[in-house]
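J.: All chains, please: the whole structure from these sequences, using the hints.
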Amino acid sequence: MTPDFDQSIDRAGSHALKFDGRRQKFGSGDVLPLWVADMDFAVPTCVSDAVLARARHPIYGYTQYPESLYQSLIAWCDRRHRWQVEREWLVPASGVLASMSAAIQSCTAMGDPIVVQSPVYPGFFRAVEDCGRRLLHNPLRETDGRYAMDLAQLEQYARDGARALLLCNPHNPVGRAWTPGELEEVLGIARRHGLTVISDEVHGDLALPGASHHPLLGLARAGDRVIAVLSPGKTFNLQGLGLTLIAAPRADQRDALRNAIAASHLGDANPFAVAAGEAAWRDGDQWLDALRTYLAGTRDFVADRLRTHIPAIRLVPSEAGYLLWLDCRALGMDDVALREFFIHRCRLGLNPGVDFGPGGSGFMRMNIGTPRRNIEAALAAIERAQSQTYAPPNVRDIPSR
Numbered sequence: 010m011t012p013d014f015d016q017s018i019d020r021a022g023s024h025a026l027k028f029d030g031r032r033q034k035f036g037s038g039d040v041l042p043l044w045v046a047d048m049d050f051a052v053p054t055c056v057s058d059a060v061l062a063r064a065r066h067p068i069y070g071y072t073q074y075p076e077s078l079y080q081s082l083i084a085w086c087d088r089r090h091r092w093q094v095e096r097e098w099l100v101p102a103s104g105v106l107a108s109m110s111a112a113i114q115s116c117t118a119m120g121d122p123i124v125v126q127s128p129v130y131p132g133f134f135r136a137v138e139d140c141g142r143r144l145l146h147n148p149l150r151e152t153d154g155r156y157a158m159d160l161a162q163l164e165q166y167a168r169d170g171a172r173a174l175l176l177c178n179p180h181n182p183v184g185r186a187w188t189p190g191e192l193e194e195v196l197g198i199a200r201r202h203g204l205t206v207i208s209d210e211v212h213g214d215l216a217l218p219g220a221s222h223h224p225l226l227g228l229a230r231a232g233d234r235v236i237a238v239l240s241p242g243k244t245f246n247l248q249g250l251g252l253t254l255i256a257a258p259r260a261d262q263r264d265a266l267r268n269a270i271a272a273s274h275l276g277d278a279n280p281f282a283v284a285a286g287e288a289a290w291r292d293g294d295q296w297l298d299a300l301r302t303y304l305a306g307t308r309d310f311v312a313d314r315l316r317t318h319i320p321a322i323r324l325v326p327s328e329a330g331y332l333l334w335l336d337c338r339a340l341g342m343d344d345v346a347l348r349e350f351f352i353h354r355c356r357l358g359l360n361p362g363v364d365f366g367p368g369g370s371g372f373m374r375m376n377i378g379t380p381r382r383n384i385e386a387a388l389a390a391i392e393r394a395q396s397q398t399y400a401p402p403n404v405r406d407i408p409s410r
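Read left to right, the sequence shown gives residues 10 to 410 (our numbering).
No wet-lab data here; the hints were simulated from the structure.
Quick caveat: nothing in here was measured; it's all calculated off a predicted structure.
Incorrect hints may have been included.
The calculated label-pair distances, taken between Cβ atoms and stated as ranges, are [unchecked claim]: (1) A339 / A25: 27 to 35 Å; (2) F310 / R88: 27 to 35 Å; (3) N279 / A84: 46 to 54 Å; (4) N279 / R88: 23 to 31 Å.
For each residue, glycine too, the CB sits at the ideal point set by N, CA and C.
T.: Given below as structure tokens:
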């Protein structure tokens with residue numbers, strides 16, 4: 010069955026953070042929520058069928074991670090990314106950010122410096138600091154709206170003793186799907202200086218048509234210090250189920266990772282997460298292909314509408330995912346005014362760019378994982394508000410002297 014991404018599904022009252030958390034986040038419950046990174050689309054039928062089938066069994070007790078779950082991911086990576094994952098690499102855990110934290114604890118010590126490439130998902134900052142490590146910002150470099158890594162600064166940090174890099178591949182929020190050449194340079198720096206790269210690849214299945222995702226471990230050599238965090242959550246809208254599989258080829262890092270997960274009690278399996286993840290990776294190809302096409306259409310619609318009707322806001326070209334990075338600097342507002350403009354003038358709930366660290370000032374992140382008519386309504390609201398904000402006074406309204 011062809012998925013209907015234009016279907017309207019009322020999420021209010023379902024305890025969805027994106028909807029029921031609006032008042033706490035924005036001070037108002039009536040903004041159109043285009044913020045937290047989940048989608049307003051129904052999961053694939055294969056997933057809902059699998060969850061319902063599991064729910065019909067009346068006992069929801071302690072659950073193991075079955076071998077069939079691992080094999081479904083291995084086959085998925087081979088089929089979708091031409092990446093050969095070894096079964097022994099995989100370590101299960103509950104939740105992406107918790108997995109990132111466990112990976113940090115497994116390969117670094119208290120006080121160690123860890124590099125993040127801002128602007129980036131704010132959870133990276135929390136994970137580093139909550140683990141008692143020291144945060145080093147390696148801001149991305151923007152040239153004519155395209156972002157690249159500052160590899161010279163990264164190498165200097167590694168030379169000076171940084172112990173790990175948190176890599177976002179593809180990158181949230183700037184939408185870059187890193188090329189093999191860029192990733193090879195990162196791996197080269199890591200080899201030269203004993204740096205561990207913890208690669209968050211949860212948006213990897215969402216490379217949009219015309220772009221490709223390159224798993225870092227698919228380019229790594231034997232012995233490289235690389236840990237990859239994988240999940241069906243972003244791909245299939247299963248974030249609330251908290252399923253993660255972490256790939257760690259080095260036995261020493263894998264053992265340390267298992268110890269960190271056990272110490273934090275993050276290894277328990279959710280029976281519904283297991284059912285959903287296995288079904289998604291086994292049978293979700295057609296749904297995902299349709300989703301990528303739909304998201305690309307929405308992205309292109311936003312780009313065209315901004316260019317022709319709201320030129321003061323520029324879309325940073327997005328190669329992956331459903332999170333768009335909007336350059337609002339030409340509006341001439343500071344970050345407080347910019348947030349207020351979107352909330353109170355546009356009635357929209359977006360993520361302020363400053364939340365993503367250095368390089369985020371003057372930007373906003375828009376979630377387009379929603380029926381396209383919602384994005385049309387959002388852009389119309391921005392156009393009206395921006396026009397009202399900057400409309401020149403009518404000469405008839407200026408009193409004569």
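J.: Please test the hint of 46 to 54 Å on the beta carbon pair from N279 and A84.
T.: violated, 22 Å
J.: Kindly confirm whether 27 to 35 Å is satisfied by the beta carbon distance between F310 and R88.
T.: Holds - the Cβ-Cβ distance for F310 and R88, about 30 Å, lies within 27 to 35 Å.
J.: So the hint says 27 to 35 Å: do the beta-carbon atoms of A339 and A25 match that?
T.: holds, 33 Å
J.: CB of N279 to CB of R88, is that within 23 to 31 Å?
T.: 25 Å Cβ-Cβ, so the 23 to 31 Å window holds.
Going through the hint list in order, the structure does not satisfy hint 3, though it satisfies all others.
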